[in-house]
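**Student:** One letter stands for each residue in the lines below.
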Amino acid sequence: MAESADDAVSVQMISPEGRFEPNPAAEEFLPYVERLDEELLRRFYRDMVLARRVDTEAGHLQRQGQLALWPPLLGQEAAQVGSGHATRPQDTIFPAYREHAVAMIRGVDPVDIIRTMRGLTHGGWIPAEHGNFHLYTLVIGSQTLHATGYAMGIGLDAVRQDDPEKDEAVLVYFGDGATSQGDTNEALIWAASYQTPQVFFLQNNHWAISVPVSRQSRTPLVRRAAGFGLRATRVDGNDVLASYAVSAKQLDDARAGRGPGFIEAMTYRLGAHTTSDDPTRYRGADELAAWEARDPILRYRHHLEAQALADAAYFAEVEQEAADLAADLRARTLALGPPSLDVLFDNVYAEEHPVPREQKRWLQEYEAGFGEAR
Amino acid sequence: MTTTTDASAPATTAGTTTWTMAKALNKGMEAALAADDRVLLMGEDIGPLGGVFRVTEGLSARFGENRVLDTPLAESGIVGTAIGLAMRGYRPVCEIQFDGFIYPAFDQITSQLAKITARHEGSARFPVVIRVPYGGHIGAVEHHQESPEAYFAHTPGLRLVSPSTPNDAYWMIQQAIASDDPVMFFEPKSRYWPKGEVDLTTPAVPLHTSRVVRGGTDATLVGHGAMVSVLLQAAEVAQREGTSLEVVDLRSLSPIDYGPLLKSVEKTGRLIVAQEAPGFASLGSEIAATVAERAFFALQAPVLRVSGFDAPFPPAKLESVYLPDADRVLDAVDRALDY
Numbered sequence: 001m002a003e004s005a006d007d008a009v010s011v012q013m014i015s016p017e018g019r020f021e022p023n024p025a026a027e028e029f030l031p032y033v034e035r036l037d038e039e040l041l042r043r044f045y046r047d048m049v050l051a052r053r054v055d056t057e058a059g060h061l062q063r064q065g066q067l068a069l070w071p072p073l074l075g076q077e078a079a080q081v082g083s084g085h086a087t088r089p090q091d092t093i094f095p096a097y098r099e100h101a102v103a104m105i106r107g108v109d110p111v112d113i114i115r116t117m118r119g120l121t122h123g124g125w126i127p128a129e130h131g132n133f134h135l136y137t138l139v140i141g142s143q144t145l146h147a148t149g150y151a152m153g154i155g156l157d158a159v160r161q162d163d164p165e166k167d168e169a170v171l172v173y174f175g176d177g178a179t180s181q182g183d184t185n186e187a188l189i190w191a192a193s194y195q196t197p198q199v200f201f202l203q204n205n206h207w208a209i210s211v212p213v214s215r216q217s218r219t220p221l222v223r224r225a226a227g228f229g230l231r232a233t234r235v236d237g238n239d240v241l242a243s244y245a246v247s248a249k250q251l252d253d254a255r256a257g258r259g260p261g262f263i264e265a266m267t268y269r270l271g272a273h274t275t276s277d278d279p280t281r282y283r284g285a286d287e288l289a290a291w292e293a294r295d296p297i298l299r300y301r302h303h304l305e306a307q308a309l310a311d312a313a314y315f316a317e318v319e320q321e322a323a324d325l326a327a328d329l330r331a332r333t334l335a336l337g338p339p340s341l342d343v344l345f346d347n348v349y350a351e352e353h354p355v356p357r358e359q360k361r362w363l364q365e366y367e368a369g370f371g372e373a374r
Numbered sequence: 001m002t003t004t005t006d007a008s009a010p011a012t013t014a015g016t017t018t019w020t021m022a023k024a025l026n027k028g029m030e031a032a033l034a035a036d037d038r039v040l041l042m043g044e045d046i047g048p049l050g051g052v053f054r055v056t057e058g059l060s061a062r063f064g065e066n067r068v069l070d071t072p073l074a075e076s077g078i079v080g081t082a083i084g085l086a087m088r089g090y091r092p093v094c095e096i097q098f099d100g101f102i103y104p105a106f107d108q109i110t111s112q113l114a115k116i117t118a119r120h121e122g123s124a125r126f127p128v129v130i131r132v133p134y135g136g137h138i139g140a141v142e143h144h145q146e147s148p149e150a151y152f153a154h155t156p157g158l159r160l161v162s163p164s165t166p167n168d169a170y171w172m173i174q175q176a177i178a179s180d181d182p183v184m185f186f187e188p189k190s191r192y193w194p195k196g197e198v199d200l201t202t203p204a205v206p207l208h209t210s211r212v213v214r215g216g217t218d219a220t221l222v223g224h225g226a227m228v229s230v231l232l233q234a235a236e237v238a239q240r241e242g243t244s245l246e247v248v249d250l251r252s253l254s255p256i257d258y259g260p261l262l263k264s265v266e267k268t269g270r271l272i273v274a275q276e277a278p279g280f281a282s283l284g285s286e287i288a289a290t291v292a293e294r295a296f297f298a299l300q301a302p303v304l305r306v307s308g309f310d311a312p313f314p315p316a317k318l319e320s321v322y323l324p325d326a327d328r329v330l331d332a333v334d335r336a337l338d339y
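Chains as they are written, first to last, in full-length UniProt numbering: chain U, 1 to 374; chain G, 1 to 339.
Be a bit skeptical, because a hint or two may be false.
[Unchecked claim] Only pairs whose alpha carbons sit at most 25 Å apart, straight line, appear in this in silico SDA-like list of lysine to any residue:
no., chain 1, residue 1, chain 2, residue 2
1, G, 115, U, 111
2, U, 360, G, 122
3, U, 360, G, 115
4, G, 115, U, 362
5, U, 360, G, 140
6, G, 115, U, 211
7, G, 263, U, 352
8, U, 360, G, 218
9, U, 360, G, 257
10, U, 166, G, 142
11, G, 115, U, 166
12, G, 267, G, 218
13, G, 115, U, 128
14, U, 360, G, 295
15, G, 115, U, 112
16, G, 115, U, 119
17, G, 115, U, 352
18, G, 115, U, 348
19, G, 115, U, 69
20, G, 267, U, 36
Treat the hints as calculated values from the structure; they're not laboratory data.
Bound-form chain U, shown alone:
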């Protein structure tokens, strides 16, 4: 029988029931879990809850006509929070468009993501001022090449300045659908060829809109990495500790000059691809129910409770913080004004260019021609 895309062992620290039971594959990553202090362990929980609450609120705002679209992260919180917390401040992150939890960890205000989905901007934030978290990229897989070029630049910089304290890595996110794109494959080739300090983080959420991962691959995607010459690990992406530990080790290896790495995080998109999608048309209730039983937040909460790392008061506090964050996000979303007409023209080019200059002047005169009537 042909193998399927699901046939491979994942690193797991916490069982789906919430027991701390590292499997054999997890052994080499255990030191990364053991070094975590209690505050950070609780922070993982908090960040997953906050991200889910922001995600839910944004979905509501879309349904109420306030956003054009929202791509939900529901179900992928552990993969994102674990990997996001494995980065260091000097690292650079290239997201696809669903990495809202990572964005928040790196200091992006969720209202700035909202602004892109509300039709106010194609950018949203300044990466250099927001944790080196780059802009969302909607053409599937395109960002993998930008990430790889950036990582090549880190490597070229090191030729002139070799300071271990400043070691940097790049973390690039993409999905199972993106593994079929030429750009993603080219990025893997480039990364191996130039031995870039970067980690490819594949969130295998099992669905590329309506197409199952079995259409993208007949072999576990993690195994493809070996063909390109990359270190690779498959991890239970609904296990935040495992996601953290595997990412932290891979990033350490990348920073230390051991070349690029590849992580396949096995997770599941519990919601729709975006608010324009209807998953009931292509996937069964049984499959959904099976993955709902592996909810990453609930699993981790059980773990925190079992280890006495957090109590009811803490969980209530996080719930309140999430509710406040959502209310604030809603209020600030509703207060967003229309974009300036300058958005059309002002940054098409970095340097003076006659065409946007003349068309901007023309539009201003045209608009002014309507006087008060408009």
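Chain U is already provided as a structure; the job is to place chain G on it using the hints.
**Tutor:** Chain G only, in chain U's frame:
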């Protein structure tokens, strides 16, 4: 702008020399590499081989493999990683080996690079140069003789230029590399080998300027790249027949510097636009429409286009039929004068 001297080239007069366009490009890039260590060259076979046209010859030996990068063989990868390198502060100069090989990079050029400055809302700049040897006249096989510039001229966010002489090539490549915007640099590969005088001292005219390269009074001819030499040849023939043709070298394809062109049309009243590319939805179409809008009352005849036919670039034995030559240009001149 740093200038270089080449001991191996005989200097004709102080501060000038005689180079082929290939050599002028090479020396221009050498100057840019020497002036700014953030400048990188990247592409297929551009290292020890010096590129399939030898335009980068000797540069990897001088600057090393970390400045002149022989990349894996994938055009999207070249442009996509160049974008990432620009984010890191580098100024990559990509070589696409042949015009017809650029399409695998189309998304990275038109959807990513062209829009990325606007998406960053002024917070980042993307000084990426994409060099494209283009055009016919070299008798090559399929996909090696095309003129794809209109696809990119249609895309806001890109700048496009094309030199027609070694002197322009030397200066324009340095100006393109110095630009903080993405620049597509179309090199007329049939003009790589004729020699011309290069002035190493005189500051060049700005990158995005067109220029009258031959004065005349009866009609205006405009073109870019290799077509400029065809137009000059046509003007020479016409001169012998008593017709005075003015020739404008476009140099910049986006933006187009209409000033010299409109001034010329005001004088001659007739305009012929020539290009190797197919005429439908082409640069020539754009120029014809704009001149009709801005100089309608100066025109004594419709603007005429002389283009490649609206058919795939043919097998090489038919290229002389496909590509506009001086006779086809003069046929259009006759029609304009007879109008």
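**Student:** If a hint holds in the structure, say so; if it doesn't, say that too.
**Tutor:** Here is what the structure says about each hint:
no.: 1; hint: G:115 to U:111; in the structure: 22 Å, holds
no.: 2; hint: U:360 to G:122; in the structure: 17 Å, holds
no.: 3; hint: U:360 to G:115; in the structure: 18 Å, holds
no.: 4; hint: G:115 to U:362; in the structure: 22 Å, holds
no.: 5; hint: U:360 to G:140; in the structure: 44 Å, violated
no.: 6; hint: G:115 to U:211; in the structure: 29 Å, violated
no.: 7; hint: G:263 to U:352; in the structure: 23 Å, holds
no.: 8; hint: U:360 to G:218; in the structure: 37 Å, violated
no.: 9; hint: U:360 to G:257; in the structure: 18 Å, holds
no.: 10; hint: U:166 to G:142; in the structure: 49 Å, violated
no.: 11; hint: G:115 to U:166; in the structure: 31 Å, violated
no.: 12; hint: G:267 to G:218; in the structure: 8 Å, holds
no.: 13; hint: G:115 to U:128; in the structure: 18 Å, holds
no.: 14; hint: U:360 to G:295; in the structure: 22 Å, holds
no.: 15; hint: G:115 to U:112; in the structure: 19 Å, holds
no.: 16; hint: G:115 to U:119; in the structure: 16 Å, holds
no.: 17; hint: G:115 to U:352; in the structure: 16 Å, holds
no.: 18; hint: G:115 to U:348; in the structure: 7 Å, holds
no.: 19; hint: G:115 to U:69; in the structure: 21 Å, holds
no.: 20; hint: G:267 to U:36; in the structure: 79 Å, violated
Hints 5, 6, 8, 10, 11, 20 from the list above are not met by this structure, while the remaining hints are.
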